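K.L.:
Chain by chain, the residues run as shown.
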Amino acid sequence: MNKAPLVSLSGVSKSYPKLTALDNVSMELHQGEVLGLFGHNGAGKTTMMKLILGVISPSKGQVQVMGMAPDSKAAWHSRAKVGYLPENVSFYEHLTGLEVLTYFARLKGLDKKDALALIEQVGITHAMKRQVKTYSKGMRQRLGLAQAFIGAPKLLLLDEPTVGLDPIATAEFYQTVDQLKNQGTSIILCSHVLPGVEQHIDRAIILSSGKMLAMGTLAQLRRDADLPVAIKPCGLNGAVREDAKLMSYLSDQAGDNNQTLYVPEQEKLAILRQLLAYEHLTDVKVEAASLEQVYQHYLSGAHKLTSGEKRS
Amino acid sequence: MRQIFTVANKEFHDGLRNRWFISITLIFALLSVGLTYFGAAASGTTGVTSLSTTVASLSSLAVFLIPLIALLVSYDSFVGEQEGGTLLLLLTYPLSKSQLLLGKFLGQGSIIALATFLGFGTSAVLLYMNLGSSELVATFAVFITSAILLGLSFTAIAYILSLLVSEKSKAAGLALIVWFLFALAFDLVMLALLVGIEDGLSQQGLTQLMMLNPSDIFRLVNLAGLDSTDVNGVLAVAINASMGQGVLFSLLLLWVVLPLSVAIAIFRKKKL
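So the protein lines, in turn, are chains C and W.
The opening residue of the first sequence carries number 1 in the numbering used here; numbering runs sequentially from there.
The opening residue of the second sequence carries number 1001 in the numbering used here; numbering runs sequentially from there.
Worth flagging that the hints you see were computed from the coordinates, not collected in a lab.
Do not take every clue at face value.
[Unchecked claim] Restricting the straight-line Cα-Cα distance to at most 30 Å, the calculated cross-link-like pairs of lysine-lysine (DSBU-like) are:
hint	chain 1	residue 1	chain 2	residue 2
1	W	LYS1170	C	LYS137
2	C	LYS129	W	LYS1271
3	W	LYS1168	C	LYS60
4	W	LYS1170	C	LYS268
5	W	LYS1269	C	LYS129
6	W	LYS1170	C	LYS73
7	C	LYS73	W	LYS1269
8	C	LYS137	W	LYS1269
9	W	LYS1170	C	LYS81
Values in this document were obtained by computation on a predicted structure and should not be read as measured data.
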């Protein structure tokens, strides 16, 4: 059971009369894996989630979740083991948080006790007797997360889970993601907000207008993108500009004070050694390309890159 | 079945909470008690009048009010949840489309049924205290049952509207149009047909045409047994060619089941 992928898409396309929302996408998700799904609005993220949830059926190709087509009758019972947090859901405003969660828990065959436990887990116990319409955006999002966690799902699909959460709540959310992952839950995180997500995902998929531009671990994506490392020495007072080799790595758009060097990954250590030789050096900051830069790289290369070959 | 009851329970409590239930019951009760007491005011007397006058007035009231209220309670059932995003979410649950629809129908239908029963029931109690005949119980049983069926029929029709459109405001507009067509326009057309076309429409044909409108079936069920002096217009003609009450009730029931099946079929095909 552990070997077979929990979710697999092979050659899946979904087209509507006026547009192709998803074009020949193949991927696999294994147990305990966290997958980041990135792309602009309209890139096909939500369509992909709906296909995995079995709410819509693919036009071409095959979707399998826990060994079954999710839109088939046979997959009925496995639905209780799938959690979903939609984007921009507005829950029944006139109900209290507890009532909303109890309703959803009952639909998955659980009861009020489970709902209470989940409300505590996401930290809105103090507001559970209040109507949802009095909730702040962050509290609504927490309620949505509690809803997705109902029934200890094996597979979680979260569409923009951290939108509206403050930094502390976001950190708490990622802690929960790590916990669930350790318990063997597979998670698909769908987002266009990138900072903070890096440490928590195993692999990433970048989608653009229905096509898969890249898939792989962040390290792989970084390597393939071949983006330079930013090295920022302090205390050198222009000495960098006197060395021709270092000079060549200075960014073009440099302001007066800009000392940041953009060095290819394989040159990184050599350059660092060279910098360390300077006596005046007080500090060095080394930053690998962020997920955001990797993402931008793939998106900007979308038209020239044949990503299908690149990722395999 | 458990899923249907879970949905029904939620919808029923929604109905109680947003005061639909209490307001409908009060409106029905006030109007029906009012009509029971003052229904004969035009003829110069007040106080409880005859059973047939009261039922005739109550029917004319119910035939406008009940469809309107049923449409208002239910028109946003699906389009509202679609706009809020909960419809999509619910369908990722182990809950089929027909279970969701039937659950909603059971919940909202119970609200309308209970409100009708209590609202018009007060009239029945009032009349019973004054007249105390056993005929009254039977007449009111027929009246309330058919009124409930009428309400359920328009609830099902409201679901069709709610599933066809993608904006709440459109559903509201459609609901009003449907109400206008069934409650007012239909009878005018019938009257025009009857008067306008010489030898065009037999009594039999007219009655059959009336089966196309659940409101008219409701009226026929209730007025067929009354003195024709209390009944005017097209109905008076139709009543003469009346069918058995059993047939009329079956037709009214058909007007519940048919729109409900159509709604399920539309829901199954609906893109999300």
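K.L.:
Now look at each hint and say whether the structure bears it out.
P.N.:
Results for each hint:
| no. | hint | result |
| --- | --- | --- |
| 1 | LYS1170(W) / LYS137(C) | holds (28 Å) |
| 2 | LYS129(C) / LYS1271(W) | violated (35 Å) |
| 3 | LYS1168(W) / LYS60(C) | violated (33 Å) |
| 4 | LYS1170(W) / LYS268(C) | violated (62 Å) |
| 5 | LYS1269(W) / LYS129(C) | violated (38 Å) |
| 6 | LYS1170(W) / LYS73(C) | violated (33 Å) |
| 7 | LYS73(C) / LYS1269(W) | holds (16 Å) |
| 8 | LYS137(C) / LYS1269(W) | violated (33 Å) |
| 9 | LYS1170(W) / LYS81(C) | violated (36 Å) |
Checked against the numbered hints given earlier, this structure breaks hints 2, 3, 4, 5, 6, 8, 9; the rest are met.
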